[in-house]
Amino acid sequence: MLTAADITTLWLTLRVAAISTVLMLLLGTPIAWWLAHTQSRWKGICNALVALPLVLPPSVLGFYLLILMGPRGPIGQLTTELGLGTLPFTFSGLVVASVLYSIPFVVQPLQTAFAAIGNHPLEAAATLRASPLDSFFSVVMPLARPGFLTATILGFAHTIGEFGVVLMVGGNIPGKTRVVSVQIYNHVEALEYEQAHLLAGGLLVFSFSVLLLMYTILKTSPVAHPFK
Amino acid sequence: MSQPIIAQFQLNYGQFQLEVDLTLPGEGVSVLFGHSGSGKTTLLRCIAGLQRAPSGYLQINGEVWQDTKRNVFIPTYQRSLGYVFQEANLFPHLTVEQNLDYGRKRLANTSTKADLTAILGLLGIEHLLTRMPARLSGGERQRVAIARALALNPAILLMDEPLASLDNKRKQELLPYFVRMHQELKIPILYVTHSQQEVAQLADHLVILNEGKTLAAGPLSEIFSRLDLPLIHERQASTVWEATIVKQELDYHLTYVAFESGTLCVSRIDAAVGTPLRIQIFASDVSIALEQPTASSIQNILPAIIHDFNDDDQGHCVIRLRVGKQLLLAHITRKSKILLGLQIGMAVYVQIKGTSIFI
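Respectively, the protein sequence lines represent chains Y and G.
Our numbering numbers the first residue of the first sequence as 1 and each following residue consecutively.
Our numbering numbers the first residue of the second sequence as 1001 and each following residue consecutively.
It should be emphasised that the hints constitute simulated quantities derived from the structure, not laboratory data.
Ideal placement from N, C-alpha and C gives every residue a C-beta, glycine not left out.
Straight-line C-alpha distance at most 20 angstroms; calculated EDC-like pairs for lysine to aspartate or glutamate:
hint : chain 1 : residue 1 : chain 2 : residue 2
1    : G       : Lys1105   : Y       : Asp134
2    : G       : Lys1105   : Y       : Glu123
3    : G       : Lys1353   : G       : Glu1291
Here are the computed distance ranges between Cβ atoms for each label pair:
hint : chain 1 : residue 1 : chain 2 : residue 2 : range
4    : G       : Arg1131   : Y       : Gly202    : 45 to 53 angstroms
5    : G       : Gly1218   : Y       : Gln39     : 35 to 43 angstroms
6    : Y       : Phe137    : G       : Lys1325   : 52 to 60 angstroms
7    : G       : Arg1131   : Y       : Ala115    : 26 to 34 angstroms
8    : G       : Val1179   : Y       : Ala115    : 34 to 42 angstroms
9    : Y       : Phe137    : G       : Ala1272   : 48 to 56 angstroms
10   : G       : Lys1247   : Y       : Pro142    : 54 to 62 angstroms
If you only want the chain Y side, here are some residues facing chain G, beta carbon under 10 angstroms, derived:
hint : residue
11   : Asn119
12   : Ala126
13   : Asp134
14   : Ser138
Only chain Y is shown next, with the shape it has when bound in the complex:
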């Protein structure tokens, strides 16, 4: 059975993933919107930056974050001055790292969805007295629902499964920064294969179910088609 320590890590993992997903949606939506609509020459660079975590080894990202957020890094000095202390090996630091690591999984589906909607519905909304913000909520959000669904699920699931960045930035502090993937590693190191099986198998089933759910919903979504 799951030990108390396992349950603590599970709960912590869910909290990190939930908070990170909300932050990624809040941050990723304007970024995706801008990327889908801009003709700026910076677009290529920004696209590459957002996609970077997809190809970078997590330890590389974690290493630089550790340095940036450490007591001598610019972010670390800023957070110290703001009275927040330094972020590495804290829950907040874990969330920041998770957001940066998983944000391409949120931005890219949203960007694709926004680009597919195009300008026509926005123009129609404008001629019907809807301000740009109004038309975003009343037209773009409902039409981009499949994109938002994909972004939420992929962002959440990817955060649950991260390991490298977490270990570099968060460390292995029980109840504070020790998440499921790290706990599995601990169990394996301690040759507790049965415990490792429970958590690893759980993650496997969880990930598969989430993806299955997503593809089922997307298939039946009435507005998954381009705008007519």
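Fit chain G to the given chain Y structure using the hints.
Chain G only, in chain Y's frame:
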């Protein structure tokens, strides 16, 4: 009396330049006519504010919507306009009724809302309210889009080739609705098209655009028969007269219509005496005789005076005639013109072989 529309825009996209200075009547249908790339849609989008001309002045119904000199640019969503796109552009996630309500819900002043029941009746879409846009035909979609725009009770209705994406059958199905709108709506309509038939049927005022510039602008009858425009040499060159039904001759399936200076006999029109209509007479259907033909199968023979003419280089000739006060175009060969010895000011007879009638 509604105030005129003043639209002045300069815009330069390198390849394409728009430079117009127009004053259009504040009522009736003004058609912006031109080939693709003439700038007619760009002009309409500038009027709607969907595109921002770097330099311009726009006044609609006494309100200034753009004045670059005073740094005024009212965004589209604050302009009292209705816009009908080439593709109906309905919101696919909303039912027809929700589409119709989308703009109405956002009107600040509820007292300015249009009477929706009348609009539904005008466009014949009462039975479609619960449908999703994906389950409408192309023509139905476009009618809903028009109703959605009219439901705002706008100061002006802008229509960008609303028939262009439909096949011919659907076009013919939709045009009568437009003619009814034309008769029943008080607001000015700006209508973009490249179809001469739509011009003949709908326009009161015509603006011809070419490569971003105004080639001609004025009342339809005047522009349609102007000799200096390339329009008159086209196969579809025609004149349009306003007329009313005066008599039905049921035995022969004929209807008599009176225009300003005479009467014409046409195939039976199923409408009451007194109904106003438009007759379009194609230049290729008009022939000229020096004396009044006494034995002819052609019913419509009218006295006319030769006003002027214009040769192209291919052996064709456009003759402009006056029938009373009305102008009429005739396409004949240059040989006929020389054999008959046609001169400006000559009194002749025109025979009209056929007409198109628009109610």
